[in-house]
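Participant: Chains R and Z, in that order, give the protein sequences.
Throughout, my numbering is defined as the position within the first sequence, counted from one, plus 119.
Throughout, my numbering is defined as the position within the second sequence, counted from one, plus 119.
Just so you know, these hints were derived from the structure itself, not from any lab.
There is no bait here: all hints are sound.
For identical chains, the list gives no copy identity; a pair is met inside one copy or between any two copies.
No more than 27 Å apart at the CA atoms, straight line, and that leaves these computed lysine-lysine pairs for BS3-like: (1) Lys330 to Lys280; (2) Lys176 to Lys203; (3) Lys275 to Lys379; (4) Lys280 to Lys203; (5) Lys177 to Lys203; (6) Lys280 to Lys122; (7) Lys185 to Lys122; (8) Lys297 to Lys275; (9) Lys185 to Lys323; (10) Lys122 to Lys176; (11) Lys290 to Lys379; (12) Lys323 to Lys177; (13) Lys275 to Lys122.
Number of protein chains: 2
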Amino acid sequence: MSKPLILVVNDDGITAPGIRALVEAVSNLGEVVVVAPDSPQSGMGHAITINNPLRLKKSNIFGDIKAYECSGTPADCVKLGVDKVLHRQPDLCVSGINHGSNSSINIIYSGTMSAAMEASLEGIPSVGFSLCDYAHDADFSTAALFANHIASLILKYGLPKYALLNVNIPKGAAQDIKGMKICRQAEAKWEEEYDERTDPMGRKYYWLTGKFVNHDHGQDTDEWALANSYVSVVPVHHDLTAHHVIPFINANWEFGSPHKPDDIPQLDNNRFNL
Amino acid sequence: MSKPLILVVNDDGITAPGIRALVEAVSNLGEVVVVAPDSPQSGMGHAITINNPLRLKKSNIFGDIKAYECSGTPADCVKLGVDKVLHRQPDLCVSGINHGSNSSINIIYSGTMSAAMEASLEGIPSVGFSLCDYAHDADFSTAALFANHIASLILKYGLPKYALLNVNIPKGAAQDIKGMKICRQAEAKWEEEYDERTDPMGRKYYWLTGKFVNHDHGQDTDEWALANSYVSVVPVHHDLTAHHVIPFINANWEFGSPHKPDDIPQLDNNRFNL
Chain R
120 MSKPLILVVN DDGITAPGIR ALVEAVSNLG EVVVVAPDSP QSGMGHAITI NNPLRLKKSN
180 IFGDIKAYEC SGTPADCVKL GVDKVLHRQP DLCVSGINHG SNSSINIIYS GTMSAAMEAS
240 LEGIPSVGFS LCDYAHDADF STAALFANHI ASLILKYGLP KYALLNVNIP KGAAQDIKGM
300 KICRQAEAKW EEEYDERTDP MGRKYYWLTG KFVNHDHGQD TDEWALANSY VSVVPVHHDL
360 TAHHVIPFIN ANWEFGSPHK PDDIPQLDNN RFNL
Chain Z
120 MSKPLILVVN DDGITAPGIR ALVEAVSNLG EVVVVAPDSP QSGMGHAITI NNPLRLKKSN
180 IFGDIKAYEC SGTPADCVKL GVDKVLHRQP DLCVSGINHG SNSSINIIYS GTMSAAMEAS
240 LEGIPSVGFS LCDYAHDADF STAALFANHI ASLILKYGLP KYALLNVNIP KGAAQDIKGM
300 KICRQAEAKW EEEYDERTDP MGRKYYWLTG KFVNHDHGQD TDEWALANSY VSVVPVHHDL
360 TAHHVIPFIN ANWEFGSPHK PDDIPQLDNN RFNL
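With the hints as extra help, turn the sequences into a complete structure.
Facilitator: In structure tokens form, the structure reads like this:
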């Protein structure tokens, strides 16, 4: 049997310490190929590049491990890597290790997780890793240990189709971590405030600031796991349907009629001459 | 009772014909305020602006309707609009009308839907509208009719907390539409290929191309509804947890042990001197 083929991506860019730690963490598990952004892409969500062409450039940053830097987003790296770099469908895609948490609602803003989700859409078992440490000199070694362990578990046991994993690792030494918990995404949110400033030309501008607030007191969430020194492992999928809301709407929206155009009052405010 | 406060956003930019149709569609339902990107933001997914400040500029593009153009992404427009433009929490956020479909998996790449989701995270009932027509001179009048109808239904009946709606409208005349269907997101995907070209300097570059393939034969999906001349209405939420996968992993991943660091083989390939 040939060695597993492992695609490594991230959103902090190919020179970030987190991807170096991840490449090392999985390099004993198979043939590793890196396709990562040529510049940091944090907060890019699931952005893809539609109106501009992409560039791909070979890099020797990881020695004898094949690596390419890509001019696009994390999701672009996966799409382009699978189509133009890899000689076959990879057995695993690992993304990260992100420098900072992607737990709870952070997943929807996360380039790290969008790369992993893009891979899962291609049918590739995939996982994103994030270290809950924003320090400039964050130590990725504990996160790398768990990345290796979880990557080997996925290669051994697989994942259900279209499922991927969102793994967050608490900061600190390995011996302080109690283990891993399989969790759901906590119902937490950012409470934003913009810091309003005035530039030298007298014009206002705004910096995003905010605090992360967890209103979810469940003990089965990623936030609970992380606060209690566990590695959180949230299985994720791309079906955003709120299935429980379908009966609510069918019951409330006067669905005796299927809302045909004839039943709908016509617009009479044609102020813009549509 | 005061008039409902309605925030209008989009991803095609404040000058796009779709947002003009949407402003008109909801202008008889309440006090309308527009905060929209100053340039097109298609395919931006749930990107937010972290490392740059944002600008906000008053616009008179919609006459006496209050409007601002924002230098950021669709999600930024909602965050900044709620914090700095609106005098109170809006009663409804409408996003669009997008020029092109956001059905099925397109939702994860969609700036239109990320703006609506951002609003729902703030606790605002919200909905994104998209017209399934890519023609340069697409006619938004049928979509506007349904946008008005659905916005008024949400104002009347509300939505469960953190639920939002992904509404797609088939192209064509209103009389050809059979009505509305409340649906789930179809399990469809893009099969991508990159078009490889060589620039005048001899370097390769890549354009994203691809075709949309629906492998989902359910008659309860948005793709089925659209193919059968119905407006599709998919209730959406931000919980990406694949709840059905939690028992799979707990059963398969040798969880007699909680995977403490002591149980995990240490990494011995310290090739990068982490």
